[in-house]
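A.B. asks: Kindly produce the complete structure, drawing on both the sequences and the hints.
Each chain, written out:
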Amino acid sequence: MDESKIISIWFIIGCLLSLFGIIIFAANVVDYIAPWSGTVTVLHELRAGIWWGAFLIVIGAVYTIAFNPWKKKTEAA
Amino acid sequence: MPGLITPIIALLFDGSKIISLGWVDSAIVVLYFIFVLGIGFYLMKFTKTGEDFFMAGRSMTMWIAGLSFVAANLGSLELMGWAAASYQYGILATHWYWIGAIPAMLFLGLIMMPFYYISKTHSVPGYLKLRFGDGASFVSAVSFGFMTVLMSGINMYSMAIVMKVVLGWDIHFSIWVSSITVMLYVVLGGLLSAILNEVLQFMLIWLGALLIPILGIIEAGGWTNMVDRIHQNFPKGDYTHLWSTLGSFQDNPMGIHWTGIVFGLGFCISFAYWTTDFLVVQRVLTAKDLRAAKMAPIIGASFKMFVPIIVILPGLLGLAVIPGLVGETQAIATGGHSYNEVLPLMMARYLGPGLLGLGITALIAGFMSGMAGNVSAFATVWTYDIYRPLHKKLASTDGTDAHFVKIGRWTTIIGVFVSIGTAYLVQQFASIMDYVQALFSFFVAPLFGTVILGMLWKRATKAGGFYGLLAGTVSSIGMWAWVKMDPSALKIIALSPYAKDMAENMYRALWSWMICVGVTVIVSLMTKARPENELNGLVRSCTVLPSEGHLKFYQRPVFFASIVFAVFIALNIIFW
Numbered sequence: 001m002d003e004s005k006i007i008s009i010w011f012i013i014g015c016l017l018s019l020f021g022i023i024i025f026a027a028n029v030v031d032y033i034a035p036w037s038g039t040v041t042v043l044h045e046l047r048a049g050i051w052w053g054a055f056l057i058v059i060g061a062v063y064t065i066a067f068n069p070w071k072k073k074t075e076a077a
Numbered sequence: 078m079p080g081l082i083t084p085i086i087a088l089l090f091d092g093s094k095i096i097s098l099g100w101v102d103s104a105i106v107v108l109y110f111i112f113v114l115g116i117g118f119y120l121m122k123f124t125k126t127g128e129d130f131f132m133a134g135r136s137m138t139m140w141i142a143g144l145s146f147v148a149a150n151l152g153s154l155e156l157m158g159w160a161a162a163s164y165q166y167g168i169l170a171t172h173w174y175w176i177g178a179i180p181a182m183l184f185l186g187l188i189m190m191p192f193y194y195i196s197k198t199h200s201v202p203g204y205l206k207l208r209f210g211d212g213a214s215f216v217s218a219v220s221f222g223f224m225t226v227l228m229s230g231i232n233m234y235s236m237a238i239v240m241k242v243v244l245g246w247d248i249h250f251s252i253w254v255s256s257i258t259v260m261l262y263v264v265l266g267g268l269l270s271a272i273l274n275e276v277l278q279f280m281l282i283w284l285g286a287l288l289i290p291i292l293g294i295i296e297a298g299g300w301t302n303m304v305d306r307i308h309q310n311f312p313k314g315d316y317t318h319l320w321s322t323l324g325s326f327q328d329n330p331m332g333i334h335w336t337g338i339v340f341g342l343g344f345c346i347s348f349a350y351w352t353t354d355f356l357v358v359q360r361v362l363t364a365k366d367l368r369a370a371k372m373a374p375i376i377g378a379s380f381k382m383f384v385p386i387i388v389i390l391p392g393l394l395g396l397a398v399i400p401g402l403v404g405e406t407q408a409i410a411t412g413g414h415s416y417n418e419v420l421p422l423m424m425a426r427y428l429g430p431g432l433l434g435l436g437i438t439a440l441i442a443g444f445m446s447g448m449a450g451n452v453s454a455f456a457t458v459w460t461y462d463i464y465r466p467l468h469k470k471l472a473s474t475d476g477t478d479a480h481f482v483k484i485g486r487w488t489t490i491i492g493v494f495v496s497i498g499t500a501y502l503v504q505q506f507a508s509i510m511d512y513v514q515a516l517f518s519f520f521v522a523p524l525f526g527t528v529i530l531g532m533l534w535k536r537a538t539k540a541g542g543f544y545g546l547l548a549g550t551v552s553s554i555g556m557w558a559w560v561k562m563d564p565s566a567l568k569i570i571a572l573s574p575y576a577k578d579m580a581e582n583m584y585r586a587l588w589s590w591m592i593c594v595g596v597t598v599i600v601s602l603m604t605k606a607r608p609e610n611e612l613n614g615l616v617r618s619c620t621v622l623p624s625e626g627h628l629k630f631y632q633r634p635v636f637f638a639s640i641v642f643a644v645f646i647a648l649n650i651i652f653w
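Each protein sequence line maps, in turn, to chains A and B. The first sequence begins at 1 in the numbering used here and counts up one residue at a time. The second sequence begins at 78 in the numbering used here and counts up one residue at a time.
Please keep in mind that the hints were generated in silico from the structure rather than gathered at the bench. Here the structure is a predicted model, which means the values were calculated and not measured. Where hints are given, some of them may not hold.
As the list claims (entries may be wrong) - The calculated lysine-lysine pairs, modelled on DSS-like cross-linking and capped at a C-alpha distance of 30 Å, are:
#1 A/K5 - B/K365
#2 B/K539 - A/K71
#3 A/K71 - B/K568
Stated by the list, open to error - Stretches of chain B that chain A covers, calculated by requiring three or more beta carbons in the stretch to come under 8 Å of a beta carbon on chain A:
#4 96–108
#5 116–123
#6 268–278
#7 292–302
#8 425–432
Beta carbons are placed, not taken as given, at the ideal position from N, Cα and C, and that holds for glycine.
C.D. replies: Structural data, given as structure tokens:
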């Protein structure tokens, strides 16, 4: 097995976290502007969904960029 | 931990549904399933040889091996069960994450890993075969293989019940969808797929569960205010001290003495599980070199130390902000909520759209990482330690590598279906669970006695190893049966009539370990030892370990282990 040819798991994690972050962030921003979910949680005034979604996007972006497999190929070339 | 399954099963009898998922939450869960399956399909083309399928090509970095080492242990039942245990027992539940894990993980990395790694064994029974011959290896392989698929089925059924109670999902849907997903990605990509998915799952468990303690601490007004509120809510009990209440069995909610925690849990059960249970050790055996193999458990320990933040803290916060949760029997009688539901209750309390889906994904990820661990370890042990010797004996020739990969894939499929069968069997006969959990505990402590003597004492012989393991296991079964038939025997086994179930398990493990060691020593001294040159790479005093002299002091595993140990000591003092 040539592990150097395998896309890094950290890149895949970055992609998934970014997607999760975008979904959670968007859903909560829309819910803030025009409430649709009908969910009222304790401390909902803190809008945890918005900042946690943003946090996932940032973490995901960092992993996606840092472990981007195409960047590795370009460097090798 | 097996002992946590029964209270979770009791949830089945509480008919209420705790939370509902919206479409955003469902999208998160579906996306997760697509990714884990995609990883399996993608890795299929890289998994060709036996070394790839069973050992992930022995090419994992210390970070990946270390994280999968912890993730394979961090099942959904751990999250649900230990949150419930911390509501019931308070901060004492943290012992299972600190003294019950950290010293053993460091010991595995620094002392035992070199022998597992240098011997190039595929498994723990494989090491026993090299050290003690076929007898001890076969007993260990059969018991491990049998118990692994049964435990996998029990965990599967427990998870399905949790999903039914928490989300209202159909039990059959939960069992089949989750297990077929795990089967597909393990069959396709072997251990490589299982390990890489475990790393992904580990990240999701943290990111899905971390928001609960963060918001909980904000609501409680900080740690000090949380402790004050717990004391106000429960003035008669002490739920916030780790050691100061362990001087007597009657002074703490767990009914345990510090000797049980230190010697039973901290030494015996913990060392037995973390150093000899192949489910976790297999992850470290995939490391790309000896330094990575030594570092992986140390990295694992550093993450394990902080798991109480997402597991124990939600339970403690529950004591502060939602007092009044009761035991399962009382909850059924009064129609209230039990402390077994504390984690989903905290999820419903704090998590809004999307976040709830992330939290549920964390629970599903936990279950799948645990199940993939069971299935991949079972496939390896069955193929290499049970099937291969039998095939060699019957066919008078060793099979090809491709043949064993094929057997490994079929074993994975069969293992998953046996697990599913077990899940349905448990649905019909719930008492089977108690017996299987007890069976599991019978083998672990004596096995540690056999392995540790094999690695550290060159005089231990083949007969000593076999009879020691047998005596330890039989004595453990005997003690369990004795207390079942005559509950007053508890005061002899656990040294106090006030001891509770957990205390009994710890002392039973300690006695069975001592019996195993005693019998191994006596029989070994009466039988002929193997020549030293045959023990190279298997026993410490007969092996020249590779020097770490070329590494700077801060690159050496012992340096990192010292830091982790110092933090472990500091945490115990802070929460004394």
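A.B. asks: Run the structure past the numbered hints and jot down the numbers of the failing ones, going up.
C.D. replies: 2, 3
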